[in-house]
Amino acid sequence: GAGVSQSPSNKVTEKGKDVELRCDPISGHTALYWYRQSLGQGLEFLIYFQGNSAPDKSGLPSDRFSAERTGGSVSTLTIQRTQQEDSAVYLCASSSTRGGLGYEQYFGPGTRLTVT
Amino acid sequence: AQSVSQHNHHVILSEAASLELGCNYSYGGTVNLFWYVQYPGQHLQLLLKYFSGDPLVKGIKGFEAEFIKSKFSFNLRKPSVQWSDTAEYFCAVNVMRGGADGLTFGKGTHLIIQP
Numbered sequence: 020g021a022g023v024s025q026s027p028s029n030k031v032t033e034k035g036k037d038v039e040l041r042c043d044p045i046s047g048h049t050a051l052y053w054y055r056q057s058l059g060q061g062l063e064f065l066i067y068f069q070g071n072s073a074p075d076k077s078g079l080p081s082d083r084f085s086a087e088r089t090g091g092s093v094s095t096l097t098i099q100r101t102q103q104e105d106s107a108v109y110l111c112a113s114s115s116t117r118g119g120l121g122y123e124q125y126f127g128p129g130t131r132l133t134v135t
Numbered sequence: 513a514q515s516v517s518q519h520n521h522h523v524i525l526s527e528a529a530s531l532e533l534g535c536n537y538s539y540g541g542t543v544n545l546f547w548y549v550q551y552p553g554q555h556l557q558l559l560l561k562y563f564s565g566d567p568l569v570k571g572i573k574g575f576e577a578e579f580i581k582s583k584f585s586f587n588l589r590k591p592s593v594q595w596s597d598t599a600e601y602f603c604a605v606n607v608m609r610g611g612a613d614g615l616t617f618g619k620g621t622h623l624i625i626q627p
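As they're listed, the protein sequences go chains A and U.
Just so you know, we're using this note's numbering here: the first sequence kicks off at 20 and counts up by one.
Just so you know, we're using this note's numbering here: the second sequence kicks off at 513 and counts up by one.
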């Protein structure tokens, strides 16, 4: 079946511009996560959506970062007024319990963001 | 908050050598533990996971890991590595029952297998 997809695969933007990154989770998965991967910081959790519950935003590094999940499916991560330190690979993952055995997160290929 | 420490940042082995990658976590309560692998040019894939029960878990491609609660460790092992095991390996933890919450990752171990 189809995995997690993300678009665009690469994004180059100028400092100060806003960007939107998209994630299509695996169909039927109730949970969706955003992470970022950078050389200096490794893999960092950003935000997590579970069904219709309020998202866990505890990992967002600043108020320039926000995310939405519409209709319990597609999610958009928005970064406003981008800074050079925002350059990273942004990863999306989705998960669901499998027979009540626990959540396994399946990762997408990522969006490589470069802020110039 | 939880944290994860991977002791070896770079490991170089010859084919057929045995592998053990260290992972320690810091958290006072019940945890769920994971090892992920990222092959060159590919996305993160789950190798194995521990939620509860038998502390020795087996994953894909001949990998296994042992949860030792008293040592807060979840080391990854493989008895005989192959060139195709060259990749970045990440240990991760979350704390919600069933593992639905976000993962905290270690910094990763870059494993190179020489033919």
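Think of the hints as simulated: they come from the structure by calculation, not from any bench.
Do not take every clue at face value.
[As the list claims (entries may be wrong)] Quick look at which bits of chain U chain A covers, simulated, 3 or more residues with Cβ under 8 Å:
1. 521-533
2. 558-570
[What the hints assert, rightly or not] Heads up, simulated DSS-like pairs for lysine-lysine below, C-alpha to C-alpha not over 30 Å straight-line:
3. A:K34 with U:K583
4. U:K619 with U:K583
5. U:K619 with A:K76
6. U:K581 with U:K619
7. U:K619 with A:K30
8. U:K619 with U:K573
[Claimed, not checked] These stretches of chain A come out as covered by chain U in the derived footprint (C-beta under 8 Å, 3 or more residues):
9. 28-41
10. 50-63
Cβ coordinates follow ideal geometry from the N, Cα and C atoms, glycine included.
For each hint, the structure was consulted:
{"no.": "1", "hint": "521-533", "verdict": "violated (count 0)"}
{"no.": "2", "hint": "558-570", "verdict": "holds (count 3)"}
{"no.": "3", "hint": "A:K34 with U:K583", "verdict": "45 Å, violated"}
{"no.": "4", "hint": "U:K619 with U:K583", "verdict": "19 Å, holds"}
{"no.": "5", "hint": "U:K619 with A:K76", "verdict": "22 Å, holds"}
{"no.": "6", "hint": "U:K581 with U:K619", "verdict": "21 Å, holds"}
{"no.": "7", "hint": "U:K619 with A:K30", "verdict": "25 Å, holds"}
{"no.": "8", "hint": "U:K619 with U:K573", "verdict": "22 Å, holds"}
{"no.": "9", "hint": "28-41", "verdict": "violated (count 0)"}
{"no.": "10", "hint": "50-63", "verdict": "holds (count 6)"}
Consistency with the previously given hints fails for numbers 1, 3 and 9, ordered from lowest to highest.
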